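A.B. asks: Okay, here's what each chain looks like letter by letter:
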Amino acid sequence: NAGVMQNPRHLVRRRGQEARLRCSPMKGHSHVYWYRQLPEEGLKFMVYLQKENIIDESGMPKERFSAEFPKEGPSILRIQQVVRGDSAAYFCASSLTVTSGRDDTQYFGPGTRLTVL
Amino acid sequence: KQEVTQIPAALSVPEGENLVLNCSFTDSAIYNLQWFRQDPGKGLTSLLLIQSSQREQTSGRLNASLDKSSGRSTLYIAASQPGDSATYLCAVRREGFQKLVFGTGTRLLVSP
Numbered sequence: 001n002a003g004v005m006q007n008p009r010h011l012v013r014r015r016g017q018e019a020r021l022r023c024s025p026m027k028g029h030s031h032v033y034w035y036r037q038l039p040e041e042g043l044k045f046m047v048y049l050q051k052e053n054i055i056d057e058s059g060m061p062k063e064r065f066s067a068e069f070p071k072e073g074p075s076i077l078r079i080q081q082v083v084r085g086d087s088a089a090y091f092c093a094s095s096l097t098v099t100s101g102r103d104d105t106q107y108f109g110p111g112t113r114l115t116v117l
Numbered sequence: 001k002q003e004v005t006q007i008p009a010a011l012s013v014p015e016g017e018n019l020v021l022n023c024s025f026t027d028s029a030i031y032n033l034q035w036f037r038q039d040p041g042k043g044l045t046s047l048l049l050i051q052s053s054q055r056e057q058t059s060g061r062l063n064a065s066l067d068k069s070s071g072r073s074t075l076y077i078a079a080s081q082p083g084d085s086a087t088y089l090c091a092v093r094r095e096g097f098q099k100l101v102f103g104t105g106t107r108l109l110v111s112p
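As given, the protein sequences belong to chains A and B, one line each in that order. The first sequence begins at 1 in our numbering and counts up one residue at a time. The second sequence begins at 1 in our numbering and counts up one residue at a time.
FYI, nobody ran anything at the bench for these hints, they're computed from the structure. None of these values were measured; they are calculated from a predicted model. Please note: incorrect hints may appear among the correct ones.
Calculated pairs, SDA-like style, for lysine to any residue (alpha carbon to alpha carbon, straight line, at most 25 Å) [to be verified]:
no.	chain 1	residue 1	chain 2	residue 2
1	A	Lys-44	B	Gln-81
2	A	Lys-44	B	Val-13
3	A	Lys-71	A	Glu-40
4	B	Lys-1	A	His-31
5	B	Lys-42	A	Glu-40
To be clear about the criterion: a stretch of chain A counts as covered by chain B if any three or more of its residues have a C-beta under 8 Å from a C-beta of chain B, and this derived list gives those stretches [as the list claims (entries may be wrong)]:
no.	segment
6	53-60
7	68-75
Idealized CB from N, CA, C, for every residue including glycine.
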């Protein structure tokens, strides 16, 4: 069973461009989470999605950021009009479930390192 | 608001030592607590997950304990090895929520 996959692993954008980060959850997992790790800071939650639904976006910046998890295909984190402050590592995680009794561990991908020039 | 703190921020030990990493959280209404390992430039590897009803979990040389009422967890690493060098993160999931709140991490260096 392949782990959580993210691509690209490294992404360089100039200010004002768009960044698209992709996350393929582990097989059978329908819960996806995005976290951001700014330089010299801890990981911060951004958004939690189930298939076709955003469940919790309390950590998402109000502007320029959006996320989706379509019925088919990977989850996408989209950042429009990137600025230098968006430079960070973006991690995706997935879980089988969110309730105990089954595996509700969040498994993390290798991350996408975004650099904004 | 849940806040998670890890002490020490950095730790350097010689190979073979037993060591303890600490994690404290301000809101005891947690659902579970996870310990992760992060290698430089890499993703997170889940080490142990403790449900709120449990007191400890063990995996190989690792043992994690949870004292929910006092808002503390410890990660015990026995007979440390250079390959254990990494940043260790604890993360708390609150009851009723799915997101993890991460601590600031402990950077561990084990010297041969």
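A.B. asks: Run every hint past the structure and note whether it holds.
C.D. replies: Structure-based check of all given hints:
The straight-line distance between the Cα atoms of Lys-44(A) and Gln-81(B) is roughly 30 Å, outside the 25 Å bound, and the hint therefore fails. Distance restraint check for Lys-44(A) and Val-13(B): the Cα-Cα separation of roughly 29 Å exceeds the 25 Å cut-off, and the hinted pair is therefore not satisfied. Restraint check: the Cα-Cα separation between Lys-71(A) and Glu-40(A) comes to about 35 Å, which exceeds 25 Å; the hinted pair is violated. Between Lys-1(B) and His-31(A) the CA atoms are separated by roughly 24 Å; this keeps the pair inside 25 Å, and the hint holds.
For the hint pairing Lys-42(B) with Glu-40(A), the CA-to-CA distance comes to about 15 Å; that is within 25 Å, so the pair holds. Under the rule that three or more residues need a Cβ within less than 8 Å of chain B, the assignment of the segment 53-60 of chain A holds, with 4 such residues. By the rule of at least three residues with a Cβ nearer than 8 Å to a Cβ of chain B, the coverage given for the segment 68-75 of chain A is violated, with 0 such residues.
Hint violations for this structure: numbers 1, 2, 3, 7, all remaining hints satisfied.
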